[in-house]
Structures are given as structure tokens and as C-alpha cells.
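Here the structure of chain A is known, so what remains is to put chain B in place on it, guided by the hints.
Chains as they are written, first to last, in our numbering: chain A, 201 to 310; chain B, 12 to 128.
FYI, nobody ran anything at the bench for these hints, they're computed from the structure.
Small disclaimer: the values here were computed from a predicted structure and weren't measured.
Don't take every hint at face value.
[Stated by the list, open to error] Here are the in silico distance ranges between beta carbons for each label pair: (1) B:S65 x A:L275: 38 to 48 angstroms; (2) B:Q40 x A:S252: 39 to 49 angstroms; (3) B:G113 x A:S226: 16 to 26 angstroms; (4) B:S84 x A:A217: 40 to 50 angstroms; (5) B:S26 x A:S282: 30 to 40 angstroms.
Backbone N, C-alpha and C fix where the C-beta goes; we use that ideal spot for every residue, glycine too.
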Amino acid sequence: QKEVEQNSGPLSVPEGAIASLNCTYSDRGSQSFFWYRQYSGKSPELIMSIYSNGDKEDGRFTAQLNKASQYVSLLIRDSQPSDSATYLCAVRGDGQNFVFGPGTRLSVLP
Amino acid sequence: GAVVSQHPSRVICKSGTSVKIECRSLDFQATTMFWYRQFPKKSLMLMATSNEGSKATYEQGVEKDKFLINHASLTLSTLTVTSAHPEDSSFYICSARVGRQGVHEQFFGPGTRLTVL
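Bound conformation, chain A alone (with noise of 0.2 angstroms):
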């Protein structure tokens, strides 16, 4: 069965701080990666893909992926109460589906 897995958090940091949150896959053949963003009550609102390996930025966020080790990873820089939800890691694999994670609540401190 294919797997993704996050650590539930509560990840909790202070304001203007680097968040690192962290994802791993179990099917190697995946081929695309996401980070959703999922304030409470809301439904989750795609912040980053990826494709290959390294790193790609998009403002504060940065997500790192390393098929390898099978491993995706999202820092937010200068992190800001705003940014306090639930993340949602996302794998799609050689199929038309996509497997989510558990999600990691983060709580940036003011």
C-alpha cells in the first residue's frame, strides 16, 4: 500500500523563524509532490509542487525533494502567525491518484 508520512505536530516556532516540515514516501515510482495548506475549517489550498530533485523556492517557501532517500521537505522562512495550519504533503505516482499524508499542524508563536 502506498504511504505517505508526516509527523502530526504540533510544530510549533517563533515568529520570523525557519519552519521545516517533513514528508516521506513509500512508493519509489512516484513521480510528483505537494504541499497543501489547510487553515482549520478550510479546505487545503496547494502552495508548492515539485518534480526533481533539489530544491525549488517561491517566495518564503522552499520545498526540497530527494527521491533517493524518498523524502520531501517544506521550509517557510521568516515564518508568521499566518502561517499556523495544517500542511499536507501529497505524492502522485505513476497512477492518476494522489496519496496525502496525515498533515503537521504548525503554530508560529508571536
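Just chain B now, with coordinates in the frame of chain A:
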């Protein structure tokens, strides 16, 4: 990103009634949509994959006769919760897969909060 809408955003109904939730892709055509359910402080649970013009594919443990899915057009999928009971109360979220230049991304609707009394 692509825009997915859901209607209604919130519904309260009596036990035993049926509730229909609509999911629309507003600025693109979606041959595949997904229906998820999420309980408070829990992770997303995929219920079924909705394919335009064909039967939905249900995940293990999801009753297809209770959760009827219809994907009659490239922009609309509906989920009908039949004979709803209090344990069906949950946050139902649809999503649509968009493929552009060989890249596939998934975008979510805003969700429908169902409360069954």
C-alpha cells in the same frame, strides 16, 4: 491555480433525508474529480474518484449505494448522501485534477459542512 466551487457550503438536515452536494470546475474541464471526507482534526479521507461519463471508483469501506456520485459533464460532479444519519456529519471536500503540459495538479473546492440532526 484552477478554481473549484462547491455548493452548498453548509447544510443541516434531519436524519433520513438525502443531501446533494455539487462540485464545479469553473475555468477548466475536469475529466476526473475526487470526493473526500474529513472529520474534525483528522486527515483527509478519499471516498471516491469521479470520472466523467463513467461510474465512480469507490475506496474500500465506502458504501456506493449510500454515497451516490454522478459526473455527468466535464465541469460538474455531484455527491448525494442518501438517508443521512448523524454519523455522516462531516466536512466533504471535492477536488479536480488539472493536467497542463504533462503536469497534473489537484485543486480543492471550499468544502461542504454537513450536519445531520
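Hints, one by one, checked against the model:
no.: 1; hint: B:S65 x A:L275: 38 to 48 angstroms; result: 41 angstroms, holds
no.: 2; hint: B:Q40 x A:S252: 39 to 49 angstroms; result: 28 angstroms, violated
no.: 3; hint: B:G113 x A:S226: 16 to 26 angstroms; result: 24 angstroms, holds
no.: 4; hint: B:S84 x A:A217: 40 to 50 angstroms; result: 47 angstroms, holds
no.: 5; hint: B:S26 x A:S282: 30 to 40 angstroms; result: 39 angstroms, holds
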